[in-house]
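**Student:** Sequences are here, hints too, so could you generate the full structure?
Protein chains: 2
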Amino acid sequence: MPNSTERLGRAARRSDRLKVKIEMLPTLRRNIPLTEPMNEEQIEKMDDASLSILEEVGVEFHDPIALEHWKEAGASVEGERVRFDRGLIRELIKSIPESITMHARDPEKSLEIGGNNSIFVPMTGAPFLTDLENKRRMPTLDDLANFHKLSHMLPAIHSSAHHIVEPMDHAISHRHLRITYSSMKHSDKTFMGMTSSGKNAEDVIEMCKILFGEKFIDTHPVVTGNINGNSPLVWDQTMLSALRVFSAHNQPVLCSPFVLGGANTPASVAPTVAQVNAEALSALAYTQVIRKGAPAIYGHYLATVSMQSGAPMAGTPEISLMNFMIGQMARHYKVPWRSSNTLGGSKVFDAQSGYESASTMMAVLLSGANYIWHSAGWNEAGMHCSMAKFVVDAEQCEMGYRMAEGVRWDDFEEGLAAIRDVGPGGHYLGHQHTMENFQRAFFMPKLFDNNSVEQWQADGSKDTIQRGLEGAKKLLEDYQEPKLDQAKDEELLDYIAKRETTIPKMEALNQEH
Amino acid sequence: MPNSTERLGRAARRSDRLKVKIEMLPTLRRNIPLTEPMNEEQIEKMDDASLSILEEVGVEFHDPIALEHWKEAGASVEGERVRFDRGLIRELIKSIPESITMHARDPEKSLEIGGNNSIFVPMTGAPFLTDLENKRRMPTLDDLANFHKLSHMLPAIHSSAHHIVEPMDHAISHRHLRITYSSMKHSDKTFMGMTSSGKNAEDVIEMCKILFGEKFIDTHPVVTGNINGNSPLVWDQTMLSALRVFSAHNQPVLCSPFVLGGANTPASVAPTVAQVNAEALSALAYTQVIRKGAPAIYGHYLATVSMQSGAPMAGTPEISLMNFMIGQMARHYKVPWRSSNTLGGSKVFDAQSGYESASTMMAVLLSGANYIWHSAGWNEAGMHCSMAKFVVDAEQCEMGYRMAEGVRWDDFEEGLAAIRDVGPGGHYLGHQHTMENFQRAFFMPKLFDNNSVEQWQADGSKDTIQRGLEGAKKLLEDYQEPKLDQAKDEELLDYIAKRETTIPKMEALNQEH
Numbered sequence: 001m002p003n004s005t006e007r008l009g010r011a012a013r014r015s016d017r018l019k020v021k022i023e024m025l026p027t028l029r030r031n032i033p034l035t036e037p038m039n040e041e042q043i044e045k046m047d048d049a050s051l052s053i054l055e056e057v058g059v060e061f062h063d064p065i066a067l068e069h070w071k072e073a074g075a076s077v078e079g080e081r082v083r084f085d086r087g088l089i090r091e092l093i094k095s096i097p098e099s100i101t102m103h104a105r106d107p108e109k110s111l112e113i114g115g116n117n118s119i120f121v122p123m124t125g126a127p128f129l130t131d132l133e134n135k136r137r138m139p140t141l142d143d144l145a146n147f148h149k150l151s152h153m154l155p156a157i158h159s160s161a162h163h164i165v166e167p168m169d170h171a172i173s174h175r176h177l178r179i180t181y182s183s184m185k186h187s188d189k190t191f192m193g194m195t196s197s198g199k200n201a202e203d204v205i206e207m208c209k210i211l212f213g214e215k216f217i218d219t220h221p222v223v224t225g226n227i228n229g230n231s232p233l234v235w236d237q238t239m240l241s242a243l244r245v246f247s248a249h250n251q252p253v254l255c256s257p258f259v260l261g262g263a264n265t266p267a268s269v270a271p272t273v274a275q276v277n278a279e280a281l282s283a284l285a286y287t288q289v290i291r292k293g294a295p296a297i298y299g300h301y302l303a304t305v306s307m308q309s310g311a312p313m314a315g316t317p318e319i320s321l322m323n324f325m326i327g328q329m330a331r332h333y334k335v336p337w338r339s340s341n342t343l344g345g346s347k348v349f350d351a352q353s354g355y356e357s358a359s360t361m362m363a364v365l366l367s368g369a370n371y372i373w374h375s376a377g378w379n380e381a382g383m384h385c386s387m388a389k390f391v392v393d394a395e396q397c398e399m400g401y402r403m404a405e406g407v408r409w410d411d412f413e414e415g416l417a418a419i420r421d422v423g424p425g426g427h428y429l430g431h432q433h434t435m436e437n438f439q440r441a442f443f444m445p446k447l448f449d450n451n452s453v454e455q456w457q458a459d460g461s462k463d464t465i466q467r468g469l470e471g472a473k474k475l476l477e478d479y480q481e482p483k484l485d486q487a488k489d490e491e492l493l494d495y496i497a498k499r500e501t502t503i504p505k506m507e508a509l510n511q512e513h
Numbered sequence: 001m002p003n004s005t006e007r008l009g010r011a012a013r014r015s016d017r018l019k020v021k022i023e024m025l026p027t028l029r030r031n032i033p034l035t036e037p038m039n040e041e042q043i044e045k046m047d048d049a050s051l052s053i054l055e056e057v058g059v060e061f062h063d064p065i066a067l068e069h070w071k072e073a074g075a076s077v078e079g080e081r082v083r084f085d086r087g088l089i090r091e092l093i094k095s096i097p098e099s100i101t102m103h104a105r106d107p108e109k110s111l112e113i114g115g116n117n118s119i120f121v122p123m124t125g126a127p128f129l130t131d132l133e134n135k136r137r138m139p140t141l142d143d144l145a146n147f148h149k150l151s152h153m154l155p156a157i158h159s160s161a162h163h164i165v166e167p168m169d170h171a172i173s174h175r176h177l178r179i180t181y182s183s184m185k186h187s188d189k190t191f192m193g194m195t196s197s198g199k200n201a202e203d204v205i206e207m208c209k210i211l212f213g214e215k216f217i218d219t220h221p222v223v224t225g226n227i228n229g230n231s232p233l234v235w236d237q238t239m240l241s242a243l244r245v246f247s248a249h250n251q252p253v254l255c256s257p258f259v260l261g262g263a264n265t266p267a268s269v270a271p272t273v274a275q276v277n278a279e280a281l282s283a284l285a286y287t288q289v290i291r292k293g294a295p296a297i298y299g300h301y302l303a304t305v306s307m308q309s310g311a312p313m314a315g316t317p318e319i320s321l322m323n324f325m326i327g328q329m330a331r332h333y334k335v336p337w338r339s340s341n342t343l344g345g346s347k348v349f350d351a352q353s354g355y356e357s358a359s360t361m362m363a364v365l366l367s368g369a370n371y372i373w374h375s376a377g378w379n380e381a382g383m384h385c386s387m388a389k390f391v392v393d394a395e396q397c398e399m400g401y402r403m404a405e406g407v408r409w410d411d412f413e414e415g416l417a418a419i420r421d422v423g424p425g426g427h428y429l430g431h432q433h434t435m436e437n438f439q440r441a442f443f444m445p446k447l448f449d450n451n452s453v454e455q456w457q458a459d460g461s462k463d464t465i466q467r468g469l470e471g472a473k474k475l476l477e478d479y480q481e482p483k484l485d486q487a488k489d490e491e492l493l494d495y496i497a498k499r500e501t502t503i504p505k506m507e508a509l510n511q512e513h
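Just so you know, the sequences run in chain order A and B. Per full-length UniProt numbering, residue 1 is the first one in the first sequence, and the count goes up by one each step. Per full-length UniProt numbering, residue 1 is the first one in the second sequence, and the count goes up by one each step.
Keep in mind the hints are simulated off the structure, nothing from the lab. Any given hint might turn out to be false.
Where chains are identical, the list cannot tell them apart; a pair therefore holds if satisfied intra-copy or between any two copies.
Below 20 Å or equal to it, Euclidean Cα-Cα: the simulated SDA-like pairs (lysine to any residue) are [to be verified]:
#, residue 1, residue 2
1, K135, S452
2, K71, E91
3, K462, Q308
4, K94, D47
5, K446, S309
6, K505, G198
7, K135, D463
The structure displayed is predicted, hence computed values, not measured ones.
**Tutor:** Here it is as structure tokens:
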């Protein structure tokens, strides 16, 4: 696809980049054992339970086109209720690719998803932000651009995603165009596309055609879209229309039951997993009805609900257990899967945020999630994205990345030789092995302060919020735009201008998690 | 051991207790798969490397009695350097019991350590605290009593430990007596004993004889002591003297190399584990020289060092990996093992604290630690214990406990029946299965706020520190002392009074981690 002008442009950008040294970590290739609480028999039991739900209870598709598709595909359709023979589901999901290569504007930033390969994607969908002055307020398109710039610069963040915050200064009906352009313009990493309607999804695909070429995207995934389910067991027209657009164009959707455990699922871990699994399978199967062989991702948004307040909770033990189990099911079906990282319900970026985020990250890494969404910024149950938390989470992703790469053995003998050299009572700081290895040996988080209290006070007694905000400001100062090819940039802007004259302005809210 | 007066006393206390309902969770019986990054061959390689270190490099024992013991036991002793034939180490550690029953003052609070059984023990050794007004200051004996009271009341905390904070208002040379008495008096859970010298350890044992009976403790472990190693490969006289007292009396010591990864170990994960393993084995073996069959615990304190500042770090990826690996080694030798929970370097109880603590807890639970020390309150690299963090950490332990218990399958069919009942688009909140199960289905942390921002503001916009402090104050208001048998109480106080007249007053500091 890239022509020679673009290749030249890229080479120039690459030399620019050397100045500030923005390096994205490649796809994480996990090399630690996963936490798998189910044995083979329990996996079979879970599979059987989910397929029985699909056969006997069925799923509602609130969408006449989907119902027609399911009739043609051989499912039993009564009103909006679709019941699926287990053979039909198994047959359909078989053609979902086991892994996906996501192509980025900079081909060096293309990624593998599936199997042992995982990527970190920032949070999206926040109607508020806490900004660089730690104020909670409505976001603008400029705020969104800042998050896309940070995503571009943070090494463990693999995607600029889409509406990290909602650009409230733009009409809801035009917003998807500006969001997509911002993702494309401010970062050359892979990104996500809006699925807020079938029409909006079409606009995303049209813009991807401009950026990557029509023929290219038909055979190369370049954008992911999220499809939320209305648990229990319902998919709605908005989501299904968007799914059809993405799948028809060979772009992967995340088939994500939206779980508020205890409210829209049974009040128990294993039965909840059975329901989520049934829901995910029904949407995954539908992607293959639309286009056999199209990539698709097993997904979910997973909260448990406080039975005292009705509020969604994060980082709870049951969410960890469900992540472990759902990962096993996705691997059982050999489908890449998405989970959510660094979730939390705190209103401020305090200790609660830290506990919730870290518990979630450990569980998600050890459950083997491939598409690790909401990996930076999420706070207040997704109601705001925090600038400070965004960069701190991203550093935690670097740390999670390092842990998930597993143990190095290549310098074991050298290390043992150092032990012999140093001997009892010695120290290693001046030893040659230490000098040669310390840079990569032990991760040193820049945004955490581990100094003495005296040194910390001398440095201004800063807490994590202050250090995070300083880190974010510094990154934004150093930001250098990975320039779009000028012709493509103009074509994108022309497309947006044209669409903004044809789409009626609407100000209503539409949120997605 | 308990006589009829004491039995009556206990019954009375139990009926008292019903009023406030203090319930300790029993020993955690883990039922999740552990994270084991080494295969059999790598475990053998690690074992071989550690035994080679012990054979070829050896360990220094800065203690003439220990050197004499090692000569008698057949080790090669040159100066203070002891080298061990691998057969000798293997033979000695064979007699360490695979599991330990720790007997508490209230027999219902006795615990199992080893195999799948784990317990949570609060932090100890802090020279400062942040108090109920969130002020950092020197601790007193009253502050220590408050931490012992909280330990008594918090359900997932299994021990009142010992000097959670240093009672600075008492002379260092008398302090161990007051600390031990406070542990015994304010809680009827198991506890730890001071190992700050051999003589101090003897006092602890004498006081345990008063509380439990001399014959009883010779066959029943009632107190644990920590023995820190001076990595690399040194054990000092203070620690070895205390080890001898505990082991001779059949009380378990934690044999804990004190690791500042990169400073006193090689700058690499696997070689560091080889060194730690060698160090732990040498002390474990020595416990069996003192008393064959005495219980002992494989331990370590594990930090990595920032090569920029020299500061110890917590919650880093390499610490998680080392925990996973060391757990495998301890299980390889069939010895119960201790790790450290909820560590962190933050000066305040902020997001950094939360991330570090939660990352550590997940790693420690999934590495299968049995004696999970420093489970509440640790902040500022152990320089202060935080009242707010103490209760929040303890609630996190409840959550970790729940996760580590694994998945319930006993209501799977009922849950599936609920899915059938509710059907697509319904909700579960009013369903009978939900009503019957919600209490135990999904953990609801009391100290986290998951409400809407409006509700949170109406409730006073409290962060985790404020909620933690309110939680701690409420617990202390509700505290009811589990009264000591009056005769034993008097005997303990007499012993302390007698010792305080014979031990010269010394004000110097001596810290232990």
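**Student:** Against this structure, judge whether each hint is valid.
**Tutor:** Hints, one by one, checked against the model:
no. : hint        : result
1   : K135 - S452 : between (30 Å within a copy, 17 Å between copies)
2   : K71 - E91   : within (16 Å within a copy, 72 Å between copies)
3   : K462 - Q308 : between (35 Å within a copy, 18 Å between copies)
4   : K94 - D47   : within (15 Å within a copy, 45 Å between copies)
5   : K446 - S309 : between (37 Å within a copy, 11 Å between copies)
6   : K505 - G198 : within (17 Å within a copy, 81 Å between copies)
7   : K135 - D463 : both (16 Å within a copy, 16 Å between copies)
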